[in-house]
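A.B. asks: Fit chain B to the supplied structure of chain A, relying on the hints for placement.
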Amino acid sequence: MTPHVLGVGNTRFGRIDGSDPIGLMAQAAEAALTDARIDRGAVDGLLCGYATTLPHLMLANLFAERFSLTPAYAASLALGGATGAAMVMMACDLVRAGRCRTILVVAGENRLTGQTRDQSIAALAQVGDAEQEAGNGASVPAFYALLAARYLHESGAREEELAELAVLMRRHAEAHPDAHLRQPIAVADVMASKPIATPLKLLDCCPISDGAVAFIVSADCGNGPRIALAGAGQAHRHQHVSALADIRRTGAGEAAAAAFAEARIDRSKIDHLAVYDSFSITLAMLIEEMGFAPLGRSGTLARDGAFGIGGLPLNMHGGLMSFGHSGVAGGMAHIAEAVRQLRGDAGPRQAGSPACAFVHADGGILSAHVSLVLERRG
Amino acid sequence: MSRAITFERCDRCGAAQTLRRLACQACGSTALSSHTASGGGTIYTITIVHRAPDDGFRALAPYAVALSDMDEGFRLMGLADTALAIGDRVFARRAPVGGRAIVHFAREQEQ
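Residue numbers (the working numbering), protein chains in the order written: chain A, 1 to 378; chain B, 379 to 489.
Here chain A stands alone, though its shape is the one from the complex (with noise of 0.2 Å):
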């Protein structure tokens, strides 16, 4: 049985005063089940993500009681940024066996306006190793930044080229409703934002935000385009930068080879790209070791128009970087968007007519690594 993405829903991403994470997962699963046209009572499994700010040892049961699901099967995954892609690839695969027939996929989270930015710095601090690394004063984005120094280092390319990244993601961003950030930026604006670590800078980062996205995933392929889920990969080589021995080696290759093998594909066919983006680092390092650009080179054709509409498109909706990030659905609207841009639904966003979507996620310092391919057919 094929997998397919039935239906889509999301919250938008920002300030949501008074939000709650599980109230964010109903609103956006109640999209979702909208979006694919069923009732709730269709969905035999729920699988949902984790929370930083309602810590539970069982999330799924509690968004199961509070939203009035009987699941057959559920569970809470948690593998950092990369906990929407694993859930999606668990969702086909629990298709794939007859376990399941239709997964409500959901995770959501209040993470700007439920805590500090310093809470969030805090939760963050736990991919980093407690006895060799967080006791030296660094935690998330000084972990990115020692990985963009060396990259600048090894690959040639400028501070000014990845800042072509963080303007490509908030150009995207302006054209969509539900988007965090939507102010246009210049590289000069980049250069010139607050040094977090260097060669970081504030506009280089991802906010906090709001948020929430769910999908049902299902072996029903429903009325619509039907968008099937044709391979799904997965790499882990590390937590830890420090463990992390070659920057052009981070798992990502794994993931996306083993995804492109499932489903029978050369990445020549891919003609949409969704990846991850918490830093304008982390696309470069992953659009480059997963071959869609040379080393070094990911800034600069941005810039030159690369992957924007009439290119090989990227983050259409602006990413982490300008959609925002709420933490596991922060990479689940990457999918939302794949899922929409297939459809043709993507309305101003619209990127042409593709067929086959590449979605990347990872997780702690590009520690955890899952690849999907997406295929429009019929």
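Calculated from the structure, these hints are not laboratory results.
A quick note: this is a predicted structure, and the numbers were derived from the prediction, not measured.
We put the beta carbon where it would ideally sit given N, CA and C, even for glycine.
Be aware that one or more of the hints could be misleading.
[Said to hold, decoys possible] One side of the interface only, derived from the structure: several residues of chain A facing chain B at Cβ under 7 Å:
(1) Glu133
(2) Ala142
(3) Ser193
(4) Pro195
(5) Ala197
C.D. replies: Using the frame of chain A, we list chain B on its own:
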């Protein structure tokens, strides 16, 4: 407060381990022994942190954090002199910062 910089090496295959492991990252053996590092290394990457993650480090900002390829074959993170660059030869020693013995990299002096 221990001043030594120690690392683990696999007794079976000799591989030096980066970070604490419960089995060798190269061959999977659980026979790992602790050794004292010479302190010599080469800067692999370095960043100057302007926005500290907590109050403890806010007073030190801006400060440099680096990853060094140590001579014994493992990678180590620590604070560093802000003037250091990728490729510089360094010497690592522990220094007290806020009650903890933090690794600090300084330019290797002529012997």
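A.B. asks: Hint by hint, note whether the structure agrees.
C.D. replies: Results for each hint:
At its closest, the beta carbon of Glu133/A sits 5 Å from a beta carbon of chain B; the interface hint therefore holds under the 7 Å criterion. The beta carbon of Ala142/A is positioned within 7 Å of a beta carbon in chain B (closest approach about 5 Å), and the interface hint is therefore held. Here the hint on Ser193/A is broken, as its CB sits about 11 Å from the closest CB of chain B, past 7 Å. Look at Pro195/A: its Cβ gets to within about 4 Å of chain B, closer than 7 Å, so that hint holds up.
Because the closest C-beta pair between Ala197/A and chain B is about 5 Å apart, less than 7 Å, the hint holds.
Of the numbered hints listed earlier, the single one contradicted by the structure is hint 3.
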